[in-house]
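Student: Take the given structure of chain A and dock chain B with the ligands to it, following the hints.
2 protein chains.
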Amino acid sequence: MGADLPHPFDPLSLAEIETAIATVKKAHGDVLFNVVTVQEPRKAEMTAWLEGPETAPRPKRVADVVVIAPGGKVYDGLVDLAEPKITKWELLDGEQPIITMEELQLVEHIARKDPKVIEQCVISGIPAEDMHKVYCDPWTIGYDERFGSGVRLQQAFMYYRPDVDSCQYQYPLDFCPIYDADKQEIIAIDVPTLRRPLSKVAPADYHPAAVEARGGYRSDIKPINITQPEGVSFEIKGREIEWQNWKFHIGFSYREGIVLNNITFNDKGTVRPIFYRLSLAEMVVPYGNPERPHQRKHALDQGEYGAGYMANSLSLGCDCKGSIHYLDAHFPTRAGGLRTIKNAICIHEEDAGILFKHVDFRDDSVIVTRGRKLIVQQVFTAANYEYVVAWVFHQDGTIQPEIKLTGILNTYAMLPDEDTHGWGTQVFPGVNAHNHQHLFCLRVDANVDGPNNTVFVNDAVPSPHPVGSAENFYGNGFFSRRTKLATAGASRTDYDGATSRTWEICNPSKLNPYSRKPVSYKLVSREVPGLLPKPGSLVWKRAAFARHTVHVTPYADDQLWPAGRHVPQTSGEPSRGLPEWIGDGAASIDDTDVVLWHTFGLTHFPAPEDFPVMPAEPMTLLLRPRNFFASNPVLDVPPSYSSTPSQVAAGGKGVTDAADRMSRLAFGQANREG
Amino acid sequence: MGADLPHPFDPLSLAEIETAIATVKKAHGDVLFNVVTVQEPRKAEMTAWLEGPETAPRPKRVADVVVIAPGGKVYDGLVDLAEPKITKWELLDGEQPIITMEELQLVEHIARKDPKVIEQCVISGIPAEDMHKVYCDPWTIGYDERFGSGVRLQQAFMYYRPDVDSCQYQYPLDFCPIYDADKQEIIAIDVPTLRRPLSKVAPADYHPAAVEARGGYRSDIKPINITQPEGVSFEIKGREIEWQNWKFHIGFSYREGIVLNNITFNDKGTVRPIFYRLSLAEMVVPYGNPERPHQRKHALDQGEYGAGYMANSLSLGCDCKGSIHYLDAHFPTRAGGLRTIKNAICIHEEDAGILFKHVDFRDDSVIVTRGRKLIVQQVFTAANYEYVVAWVFHQDGTIQPEIKLTGILNTYAMLPDEDTHGWGTQVFPGVNAHNHQHLFCLRVDANVDGPNNTVFVNDAVPSPHPVGSAENFYGNGFFSRRTKLATAGASRTDYDGATSRTWEICNPSKLNPYSRKPVSYKLVSREVPGLLPKPGSLVWKRAAFARHTVHVTPYADDQLWPAGRHVPQTSGEPSRGLPEWIGDGAASIDDTDVVLWHTFGLTHFPAPEDFPVMPAEPMTLLLRPRNFFASNPVLDVPPSYSSTPSQVAAGGKGVTDAADRMSRLAFGQANREG
Ligand SMILES: [Co+2]
Ligand SMILES: [Co+2]
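Protein chains in written order, with my numbering: chain A, 194 to 867; chain B, 194 to 867.
Since the hints were derived computationally from the structure, they do not count as laboratory data.
Nothing false has been slipped in among the hints.
Since the list gives no way to pick one copy over another, a pair counts as held whenever it fits inside one copy or between any two copies.
Below, a list of computed lysine-lysine pairs in the BS3-like style, where the Cα atoms sit at most 25 Å apart: (1) 710 to 393; (2) 440 to 461; (3) 430 to 415.
Only chain A is shown next, with the shape it has when bound in the complex (with noise of 0.2 Å):
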């Protein structure tokens, strides 16, 4: 087995997307491919092939491919990529696969010619020669019950630019074209009865001339410099990274962006399995307007356009400061060409501030330790929304994801005076933003010191005895109330603000040395707003995973996303994806290989700060080593300073002092440059 063969984990590389494009054109003919991704090694395989990488057979490198034949005809189909051949290939019934970008990009071009929605655009106010000034966003429909699922479609967001670099967002039309992907036509508009025309509010836009034109930028930011003229602290092989006691494999999906596989530490010489698997597996971004045809507005953002596929190529300077290295994504092209997506992730180094101190109060010896993390970070822009997606190590076992979202609100045209109903915001004139979540799903396929793992819910309870009672005299007892989640159905658990709920993965049959409990890593998590939408709504059953803050199932290969395999278009009679899995929900998650799936995410009520874009508004959790380790895993972490009390109490001598010698007082030297 050479070491040029691609690591199982791999994303295809472009030859291989290039072999199983010619395979099925081969067999199949003008397709159009939606989808052509490795299908994830078989877990049995793939754990038995890294444990005996010698022994066991390597698992095999297989397309996963989903295309559109002729008539609108979906199929899922597999490559088997050494031979080449395809081992499946299946026709699909009322189902729709993910939207690529390319069919997006169509959209506006149709809308701009269709008579119909020039008919709407002059109704609103724009001369039917201004057509070109008219932009659409397209969406995914969501679910229409007027259409099903059978018609591949698109609503399509309509707005205006008084100039071709204006913000579009500011001139939001009131009317919303229906598109047939299939047809590549218009086939209805959803015109309201309450009409808006077009706002003649002067814009308000964002771009350097117009920044200018109000009186430009300010100019009393300093440079920042951060340099790592040694080279970074990582290295990398293949996709496989090592920082600081942690290894993993880097995927990137079409669907999920940043994959990470087989995440491992170093503890003192042993390496620990701690996650197969971590990746943000879905998300639904419902708007709170329960008008028609807002209830439309609910993208599950991953399933119907892909985080991969949506991803920024990332810039040197811009997106990432420091000492960067990238990674690239490809993809196939709809006709069955090649798409490379430039620096999809970026990788790199942070300080973090005080890793730990301690100064004794008796003599002022002190030590104190400075933290590095390690940021794995990708960004990718759902049409007016940009995610920065941020998978953060730190160095005492911590891993930390953080989304933080910008770009632009989705608006909707209103009237000066219209009322609002608290369903949105006026956020400039003419502009209404409304209320909306964005709730993530990630996805824990755990592998807490092997893979038979049980999860328990932590909840901080006050002492059952009363105040004056023997057992609780002073009525200060408490502790945490441990419940194991036995079942699947039972697994169905939300967060609860009152006991500071957890979640603990834990292996039961490892036991802390010290502690004696299972050793394990606890998902701390505050950003966990309940879905919104009620239950029985339409988003309640296409984005089922969103109905509670956990769910664990068993593992099962191909149960990656917790919305389904073909998102768009479903009706969530029945759910797809979790619900499906948990069924009856009997099904043992005690001491066995489990996957824990997560929602949080936030609750936004739009603001004029927000617009015309928004600044970064950040959103986190953790998931941290709790009687994991038998003691702090980063004392060896060199110190900036210490001391300890033998040697302040011989004047100094001996003390560790490995302060920045680059660092400086803000007014005390003189500009050493410049």
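Tutor: For chain B with the ligands alone, coordinates are given in the frame of chain A:
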């Protein structure tokens, strides 16, 4: 009025402290000075002066003094520093002033010589000649009903060091002497029924020699240099700082540490007030082991020791990295001398990643702008624990208090096979770390576009109408329910995770021009465990502020500290501070000068990862402008890169490229230095 006069918000200078001490000594002889601090200017006078410094009288400089006179008599005094003369001198009855570091230092020396302490050490297995290896952490006694409040007491947590450089928290002793600070002697010892002799386990220290003996430090961390060759972006005059439209005064009190006053934001030329004063005003760390005498472990660290008095002297390149400005802190010694903590506050900027970004999917036209933050920080050591307190200012108007916890767990002895009964965790052989909470009280003296503000609770809730109804056919309706807090009594409110509850401090007289909602700052805080000690418990009585997530009171001079002015040994009967001020709860807090008190923090169930010294655990919250600005206030921050559709169409002509040229590919460039 000379420019050399102190700003009325300034802490007392060394000269002013000297004047106050001399004035008191002259009148009252040799007393012990527990406090000599600035009496903060009366708000009415101060506001008048801030508005018209040329016409309004400059607020007087007054020293607020607390002394202990011979016989343990405690006096509260005021000294008018201009004259100078004593304007108030009041004997207190049964109140104990803050415990100073000097008082704490004494206890260990006395305990080591006390025969009954020696006797207990011998029982524990320590030879009497090894008393120099016995250490004690003196803590406030909290409240012990056997002794009441009249005698000044501390409890001494006992430890052992096999070696002078060993961490004594590995060797807790099981008994607890009680120290009388007036008599300077041990007056009692709490001895448990179940005895736990000194652990014989070998130490696992974190000092360099110990790490070297275990195999040494990791050597794979490459330097990260952070430099500002053109200087910093902030300006400081005296203690007033200006940065990115922000302006505020940085004070420092013995009690609260960093105090921020008169925080304003320059909104396109209009200086808009936001907060009159911000600080961490109190904290409490209740421990959850209900067995005597552990109920006494619930330090109100700020009221009982002082976050200023316990401040670390920060060190360039260790605690702080980059271009740093420091401010010192000045305090009296007990005997009436002077004490300076050099570098008690550090101030610096950091890169803050992507501030905003948007890509147009049509043509990849893009804007990406990097953000910056300003950090005003201190560290204080409360015996075993370190608290890193940072006030982070963002360019977009957000203020983000952030606290990191590090240092060492408070530990108690346990037998090898002892059951902790869930009240603690064995983190090391023989070491029981008890469950505890860290609860902080953020005091927000609001001034949102003027002094008259109102606080609302915001809850994200679904439409009341059922799925299928005309009003909510698809079930997706949701909105933000606003509830006015009209009276101090009604202001006692708790976090509700199910509604992602936030609190909004608004100015009902100023409406946002677009949203037509009152301008506001919103409190977004998710780390908000309830107080786990029960209603009626000792902690509940003493730390009443911690009973609710939010209280709101009408402003009153001198209502600064929510557990009262003198905290040590309060019985909680009646509860001091907030409950006294709120009284019958009838006071209006609607459209008037209000103070919001916010309790946040975390519940800490220790684990071996926390030992022997804890990796820093962060916790944060946001004060965010909502409907405060007419639009995104950072549009004039220069972008790193901007291309408009017309520029893209012109092949890139005219794009703005201000990418950071110091950034590098991790592996793509030869090393530039070294
Ligand atoms: Co949003
Ligand atoms: Co703690």
